[in-house]
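There are 4 protein chains.
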Amino acid sequence: MLKTPCIIINLKTYQQGYGKKGLELIKGLEKASAGHKGQVAVAAATVDIKYFSEKGSLPVFSQHIDPVGFGAFTGHVLPEAVKEAGAVGTLINHSERRLTIADIGAAVARCREVGLISCVCTNNVDTSAAVAALGPDFLAVEPPELIGGNISVSSARPEIISGSVERVRTINEKVKVLCGAGVKTGKDVAKAIELGSSGVLLASGVVTAKDVMAVMKDLLAGLE
Amino acid sequence: MLKTPCIIINLKTYQQGYGKKGLELIKGLEKASAGHKGQVAVAAATVDIKYFSEKGSLPVFSQHIDPVGFGAFTGHVLPEAVKEAGAVGTLINHSERRLTIADIGAAVARCREVGLISCVCTNNVDTSAAVAALGPDFLAVEPPELIGGNISVSSARPEIISGSVERVRTINEKVKVLCGAGVKTGKDVAKAIELGSSGVLLASGVVTAKDVMAVMKDLLAGLE
Amino acid sequence: MLKTPCIIINLKTYQQGYGKKGLELIKGLEKASAGHKGQVAVAAATVDIKYFSEKGSLPVFSQHIDPVGFGAFTGHVLPEAVKEAGAVGTLINHSERRLTIADIGAAVARCREVGLISCVCTNNVDTSAAVAALGPDFLAVEPPELIGGNISVSSARPEIISGSVERVRTINEKVKVLCGAGVKTGKDVAKAIELGSSGVLLASGVVTAKDVMAVMKDLLAGLE
Amino acid sequence: MLKTPCIIINLKTYQQGYGKKGLELIKGLEKASAGHKGQVAVAAATVDIKYFSEKGSLPVFSQHIDPVGFGAFTGHVLPEAVKEAGAVGTLINHSERRLTIADIGAAVARCREVGLISCVCTNNVDTSAAVAALGPDFLAVEPPELIGGNISVSSARPEIISGSVERVRTINEKVKVLCGAGVKTGKDVAKAIELGSSGVLLASGVVTAKDVMAVMKDLLAGLE
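For the protein sequence lines, the chains are A, B, C and D, in the order given. Letter 213 of the first sequence, counting from 1, is numbered 213 in the numbering used here, and no numbers are missing. Letter 63 of the second sequence, counting from 1, is numbered 63 in the numbering used here, and no numbers are missing. Letter 102 of the third sequence, counting from 1, is numbered 102 in the numbering used here, and no numbers are missing. Letter 154 of the fourth sequence, counting from 1, is numbered 154 in the numbering used here, and no numbers are missing.
Hints in this document: simulated from the structure, not taken from any laboratory. Do not take every clue at face value.
Here are the computed distance ranges between Cβ atoms for each label pair [what the hints assert, rightly or not]:
#1 A/E113 x B/E224: 40 to 46 angstroms
#2 A/P144 x D/Q16: 38 to 44 angstroms
#3 D/M1 x A/E224: 51 to 57 angstroms
#4 D/T185 x B/T170: 54 to 60 angstroms
#5 C/A190 x D/G71: 38 to 44 angstroms
#6 D/K187 x C/G196: 46 to 52 angstroms
#7 D/M1 x B/S155: 56 to 62 angstroms
#8 D/E54 x B/R112: 51 to 57 angstroms
#9 D/E24 x A/P144: 40 to 46 angstroms
#10 B/A221 x A/E113: 39 to 45 angstroms
#11 A/E24 x D/A156: 49 to 55 angstroms
#12 A/G115 x C/Q15: 49 to 55 angstroms
#13 A/P144 x B/E224: 45 to 51 angstroms
Note that CB positions come from ideal geometry on N, CA and C, so glycine has one too.
Bound-form chain A, shown alone (with noise of 0.2 angstroms):
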């Protein structure tokens, strides 16, 4: 399981996030981390799992897998192979990838069976409660109006965190929710922490930042 409170990075298909570069960019993210309690961790496309997995050090999450098995699937991402190439974790039901409730369920308990950690999306405190009863390790709630903008979520629509933290609270304890959308500064993560979340989820405040190293210390000293 991944240590909490926790920083998820979306490295998306953003130019800096895939290959070397990203490669480069994870080496920049160890550097910053070193010695904060924060646990970091990125979310990559799978076609770089295995080699940020191999030459970095920090957990590495798949962006999206679905709810397949062995078979006749092409063009789907395999959890199980997903797994053997290094992943600890997924995203499921990102708002740039959406499933169906029924997928998500599915999707949920591969992980399980094969031992990754999920990390599945919502929009608002409704989707987030739903979520919740099908029991993944984390959710990440992101108002889709507020991804990549400069405000975060924690400070433009806090109730949406703390209403969210709440309900899943009653309908599955375990769950443990994510901070996403719009999280740039560490005022934000340590507002998002105060709310009740988890952590946060991220992706172009850092992955596009002029200075990475900077803008990650920023978040983690946020979580202190």
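Following the hints, position chains B, C and D against chain A.
For chains B, C and D alone, kept in the frame of chain A given last:
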């Protein structure tokens, strides 16, 4: 709100279920259900909602709506239009027309706004629990492997019905559970009610039956 | 078959385009087009096809069909049902309702079987050429970036229309090309015809206009 | 560019086709194909592209790419990343991973930009003709009803191969046609070549075979 116990008959795109033939079928269902205490409704293709609502006396559900509003949504099913055409409610997320969890949440919310009864289909106990958190009026549990078959879920997998009823009660006791998949006889219906459901959702068992009246009377007897 | 040159007005899910208001709009279009040589048709939501066909006199297209037949296809649009309800044709693959290439091919074939005019939407010269090989009655080229905007494709990117007309002619000369996206004025229409198209497909320019009659008369004048 | 005639083996998500076992399979294929004139390639899950490219000597295709660029596309397959990982080409629109026609066109264009060989799957003569207009390097005709079966399309429906070859030639003579679905033996391969194709795309016939070496040698003999 739809009275319960109820029997919702999904006309799908069966040859017997659209246009003039569909209306004849509905007239037969009306006759068969006269004097019985169970509420009968049909889920029609959008193209027939107005026709069936005006010419028949059974409540008409849509088989699907899209969580959209006024605007540029070519080929989508606008909740307001379905309502104006005479529908009293709609199925959402049928196994033959799955939605993402964000869209299910939004579709349930749109139903509330325009005054349509929402009935969300689920496929197992976990997804029933998840959907309950979204607060629809009804949910219909239909294990996909039993849909269209000859064995009722209430006989083959009674624990899916009783388990759904129980989990749903914990999460949102206002949500009524229907039993779907494989229901064919009054005995299946009686069993479904005994397991705690508020009725059944079925399709081929009625729509493609040789003697629709007889089948319908048998099903309704199961409610008494 | 639809007479050409033609103007197809896509009602989408605009507030002005469904139910009673939609019928009023159609009555206005009928009046505006009386005495003009161009053929006017509307593309309606499935829920309104029967109503608009019976109460109005303009030919009605569906905004979408699914390439399915009789059977278990909940929430799908059956070509036979659309035809029985009074539609003369259908849009296929609108940019707001994309299909796979296999499904476009199957939908065009289903239109031929049931006697519906098929009009497949494309987004550039290459996809126009591709669709021509599937043999629909019409194709409508609509660069997505211009849809809903104020600049007509016939002005902004005339080479997309002339290029489509040319490529389509090489592959299947029976397929007629319509010009979509951004058409607002009679001048745009005249330009579209000049570039070799058989008419236009448009939406917001008419449906959301303050003075629908005036806009429609202007568009029709562009055909003369 | 891939030499022809060629045999592309789609590893799908078969238990024998990913990670360490997948590499062993590839090593066997290399041995079997040594000294034969036909070109053998594998289509791998993205997660294995780098591993198979570095440790094996057969050209590696991706099973899928998304028509996206750098940016916010979580869980998507970036063409640049697949290329950097060592892939020489990619399947597009496999029947188990269908795309819209707009996306197929865009994916073929992206392949040209980054230098990947594109191989678009089709399901009949009409869609083969349509895809030819998009100008991929290869297309592979696979009638879905024959995929995974025991009867080769070249025996069961030879007119689909010859018809595709003929129509494709008229539209874009640079596009090479591969024969997919149900290919099992050297005789099937020989027949496919005789019908005008440039090779075959197959999966279960090799990947799940008891004696992979023997099957592979038989297939390659069909090219001679």
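To see whether the hints hold, each was checked on the structure:
1. The hint said 40 to 46 angstroms for the Cβ distance between A/E113 and B/E224, and at roughly 44 angstroms that hint holds.
2. Against the hinted window of 38 to 44 angstroms, the Cβ-Cβ separation of A/P144 and D/Q16 comes to about 40 angstroms, which satisfies the hint.
3. A hinted range of 51 to 57 angstroms for the beta carbons of D/M1 and A/E224 is consistent with their spacing of about 56 angstroms.
4. With their beta carbons about 58 angstroms apart, D/T185 and B/T170 fall inside the hinted range of 54 to 60 angstroms.
5. Evaluation of the 38 to 44 angstroms hint for C/A190 and D/G71 yields a pass: the beta carbon distance comes to about 39 angstroms.
6. About 49 angstroms separates the C-beta atoms of D/K187 and C/G196, a value consistent with the hinted range of 46 to 52 angstroms.
7. As the Cβ distance of D/M1 to B/S155 is approximately 60 angstroms, the hint placing it in 56 to 62 angstroms holds.
8. For D/E54 and B/R112, the Cβ-Cβ distance of about 55 angstroms falls inside the hinted range of 51 to 57 angstroms, so the restraint holds.
9. Checked against the given bound of 40 to 46 angstroms, the beta carbons of D/E24 and A/P144, roughly 44 angstroms apart, stay inside it.
10. Between B/A221 and A/E113 the Cβ separation comes to about 44 angstroms, which falls inside the hinted range of 39 to 45 angstroms.
11. Distance hint check: the CB atoms of A/E24 and D/A156 are about 52 angstroms apart, consistent with the given range 49 to 55 angstroms.
12. Take A/G115 and C/Q15: their Cβ atoms lie about 52 angstroms apart, and the range 49 to 55 angstroms holds.
13. Evaluation of the 45 to 51 angstroms hint for A/P144 and B/E224 yields a pass: the beta carbon distance comes to about 48 angstroms.
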